[in-house]
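The whole structure should be built from the sequences, with the hints applied where relevant.
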Amino acid sequence: MQSVSRFEANLLRLLWYFLRREPPERALPLLEDRCAAPTCLHRNAILLIQDALAKGCMLLLARRGGWRRERFLRGDRAVYGRLWERTPPADLGLSFSAHTLSFLIWITANRPGDTERAWRVPEDELTLGDRLLLYFAHEGLRNVAEGLGAPALRTQEPFVRHALCWLAFPEDYTAAPIGARPNFAPWTIGAGACMLEALQPELARRWIEVESNKEHITDPQAMRVLGLAQERVLTAFLDAIEQAGRMDLARFLLHAAAVLLGTHAHAGMWTARLNLTGQRVADRAATFQAATIFLRTLDRSQTWERRARGVGYFDEGYAASQLWKADWEQVQGDRLVERARAIVQQLDPMRQS
Amino acid sequence: MSRAYRVSVRECQDRTIRAEDHVSTRLEILEVLPPEQMAGLLADELERRGFEREGTRLVRKQNGVTVTVETTTATVTVTAEASEETTIQAERTDRAYDDAGPHAKVVRENLKKQVEKDIDNKAGEKTASLQTQVTDRLEGELSDLRQELDQAVNRVTAEALKRKAAQMGQIREMTEDPQAGSLTIVVEV
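Respectively, the protein sequence lines represent chains C and E. Residue 152 in our numbering sits at position 152 of the first sequence, with consecutive numbering throughout. Offset between the second sequence (1-based) and our numbering: plus 1000.
Read the hints as simulated data drawn from the structure, not as lab findings. Ideal placement from N, C-alpha and C gives every residue a C-beta, glycine not left out. Be aware that one or more of the hints could be misleading.
What the hints assert, rightly or not - Anything over 12 Å on all C-beta distances counts as not near chain E; from chain C, calculated:
| hint | residue |
| --- | --- |
| 1 | 16 |
| 2 | 44 |
| 3 | 90 |
| 4 | 98 |
| 5 | 255 |
| 6 | 341 |
Unchecked claim - Chain C stretches covered by chain E per the calculated footprint, using a threshold of three residues with CB under 8 Å from any CB of chain E:
| hint | segment |
| --- | --- |
| 7 | 214-226 |
| 8 | 342-351 |
Dropping the structure here:
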């Protein structure tokens, strides 16, 4: 049995909560409390933290989608299997820097919203392991710590540029500064791309949730800021994966669209409760544009599919093109785009007949 | 001891009230011919409908609404705006312990701030009222404009198809039914 100090025990409990091994009700009191951080941690605690990170992060990724047998690109060919079958486990290793430890110490000693002793680290200095832990931490904090200043964390480095957090939770980034841009570079290559593959089901579920909740939004301004946050992250994401030749990483968008755009999909599913009384036509149009940003993004996916049709067997990117075409056909992408356009057109004040 | 002196502040300001509304969309024009030729056909059709050329843009002002079509991108922007010169006045009254002394000065300054706020509020109400008129005017024009642009796009498409058919071969027969919106072209290739 290893013994740790009270502070270290709290730190470990919070870490286990972020890694989904502790329930929220045990984490909340720790997040509410403030305490003095020690000058250093004992070796026992470090070993336990290392163990939790090494096993916990990968276990979560495996549970959330890494176990699924799917096809994703590896170089210039599509490979089928579970995540650790598509990529050798040795290449899936994560490294954690001192920033992970400093974050865990800070979150144990302070409340998330503490600005006097804020935890700020440039996003570029983080390793992939750091980013993954921060993603799980963000998920955990948003569930229990909204009233403790968790939203303030998202407007500062590194969270404000954490692309995975932004992609999974666009509604948390409505207050992101105008110049902030999510950094997708780490997530489109190597182990980062593997993590995006594993999180596809979760990302699809989140986007279905965000789009479904639009039906309940009444304030046009709230709709506009949400739409803007979505547009910013989707534009950055699609640009990044197109540049990296990894359109397969956008598969979750197709799956979300397949669920949202069923036969009975209609404009009210996005705009039913909006209170537009007294709004200018320009503001109404901007609100509807924000509401339908996800639908309008499908046009770009269709452009990729059309382009993929023209890629020959000996051309570069043949495997990627074939994979995207297969994904598109599986969800009947053309039909989805047709329905999306019909809804967008319905909401266009100048709609053509 | 009750306050004995009545202090009044009245202010009158000339304000210019402005309101504006607009909406923009893209016309869906099939690229039957190369984009420059389609843009040219669109420009010709719109000129026939009373639009004036300003470079690559066609503009028409009617009933206080300006319609601008950028032919290179087929983007339509409809704008309505209005401005009004108006005089707004407001008055507030209160009581002070003295007539022209320090308390009256304080009361007068507070009243001045309240009067300025009242004028701002009244200006806001007038702006909102003018805005409603502008928005209603814009909406009133949109319905007819929609139909007109639909017709213009159909005519442009028909003309483009005729030219394309002529490029492909000899036109043997051409039947157009404006009521049904159909065009049949028989081409010998």
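Okay, the hints, checked on the actual structure:
| no. | hint | in the structure |
| --- | --- | --- |
| 1 | 16 | 53 Å, holds |
| 2 | 44 | 64 Å, holds |
| 3 | 90 | 51 Å, holds |
| 4 | 98 | 51 Å, holds |
| 5 | 255 | 28 Å, holds |
| 6 | 341 | 10 Å, violated |
| 7 | 214-226 | violated (count 0) |
| 8 | 342-351 | holds (count 4) |
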